[in-house]
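Visitor: We have chain U already, so just place chain P on it with the hints.
Listed below are the residues making up each chain.
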Amino acid sequence: MVQPLTRLRETPSQTAGPYVHIGLMPTYAGNPGSVEKEVGTSPITEAAKGERIEITGTVSDGTGWVLRDAMIESWQADAEGLYAGQEGADPGVPGFCRFGAHAETGLWTLSTIKPGTVKLPDGRVQAPHIALWIVARGINIGLMTRIYFEDEEEANAADPVLMRIEQRPRVETLLAKKTGDGAYRFDIRLQGEGETVFLDL
Amino acid sequence: MTDAGRLIPRDRTAHPDPYDPGYKTSVLRSPNQALLSMESTPTEEWGPTFGHDQLGPLDNNLILNWTKGEAPAVGERILVHGHVLDELGKPVPHTLVEVWQANAGGRYRHHKDTYFAPLDPNFGGCGRTITDENGYYQFMTIKPGAYPWPNRGNDWRPAHIHYSIFGHSFGQRLISQMYFEGDPLMRYCPIFHTVKDRGQLDSLVAPLDMTMSRPLDYLTYKFDIVLRGRRQTMFENKPEGL
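In order, the protein sequences belong to chains U and P. Note that the first sequence covers residues 1 to 201 in UniProt numbering. Note that the second sequence covers residues 1 to 242 in UniProt numbering.
Note that these hints are calculated values from the structure, not bench results. Keep in mind it's a predicted model, so treat the numbers as computed, not measured. Think of the CB as a built atom: it goes at the ideal place given N, C-alpha and C, for glycine as much as any other residue. It cannot be assumed that every hint is accurate.
Footprint (simulated), chain P over chain U, 3 or more residues, beta carbon under 8 Å [claimed, not checked]: (1) 1-9; (2) 16-27; (3) 44-56; (4) 59-67; (5) 189-198.
Within a straight-line C-alpha distance of at most 27 Å, the following computed DSSO-like cross-link-like pairs (lysine-lysine) qualify [to be verified]: (6) U/K37 x P/K24; (7) P/K112 x U/K37; (8) U/K37 x P/K143.
Excised from the complex, chain U in its bound form (with noise of 0.2 Å):
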């Protein structure tokens, strides 16, 4: 016999629904002054130091057709790097914005800061990046995954997690494409061609 482990497990995940956005972003769904302060509205405030950006995409699923119905969330370092709650951090920048698809079209869009490189305890640099987590009707478990820039090649280069995609051309689908100045697209595939790249961290 041994000693018991006396752990708990992870309460289960369950799908959001079809109907997420009524809890979560009232005014999105329809429901304005459900709460009085929604959370998430925005990654930034005014103050927020860094280069403003803009990103844009969509969310398709394993036939190409795109989502109406998902919810994502977006959490991200300020312009040097440092997430909210970090000694230093920048405090015009709380990092988090919950954000959907517009009804007709299925675009989303995320405006904010570029965040910086983050420094990992052991020395080595997280290329600036933006982590995301995706729900929706269907989806069993949020899906985790980064959108990073396709004009940081070099940071991309050293990037841990970059690094640890064997199929190399599955690597652009974590690659935010620059449009123009401050903008950039960037379209999610849950399944099937050009899949995006889901993360276990």
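Guide: Chain P only, in chain U's frame:
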């Protein structure tokens, strides 16, 4: 948070498989490729924080919050309470818990919900609260009704309340659903049964808690939630580790 610390890797066997053909929408919305697993980084070890200044006085009372206290929602009055813990059994204090649900007739206040059970003019279905220093939370609501949904020919969701929990780091992010003890529809629900482990299924079902029910006022259900934990950092950050 002063000491972030590595997150305990997620035990994926505790969770549903992303692909579960019984739940038809998952067929096209589940990745074919394996997830890329790695040790957590500061990105997952830090997360947003929310304070009480963000909450309104009725945010944790779904019976009254839609009408700002003017008129109560129709239905079975219940208190739902419990603790948010991590895998090591430690309470998760000061974390945001958000809930949403259908009304007593199984109808959501959402333009895409066309079920003919009527809306309750006094019920919105959206609530939230922050756990106290012991990881404890509670909210008042009405028990949601079951409702049909287009999946297989005659699928009905058991009564449930959707939960969204943050923890203290983005890597702990979790959305799930709470079910009610004794509901026979649980047996038939393909979403509930995306969880294959019996013990894990049981952990989604809230027992009736008569001890905390208030005579002549409300019944109580107890629902505890477990989030990912963090390892101790005594031997962390050594260069020989990957």
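Visitor: Which earlier hints turn out false for this structure, listed by number in ascending order?
Guide: 3 and 6
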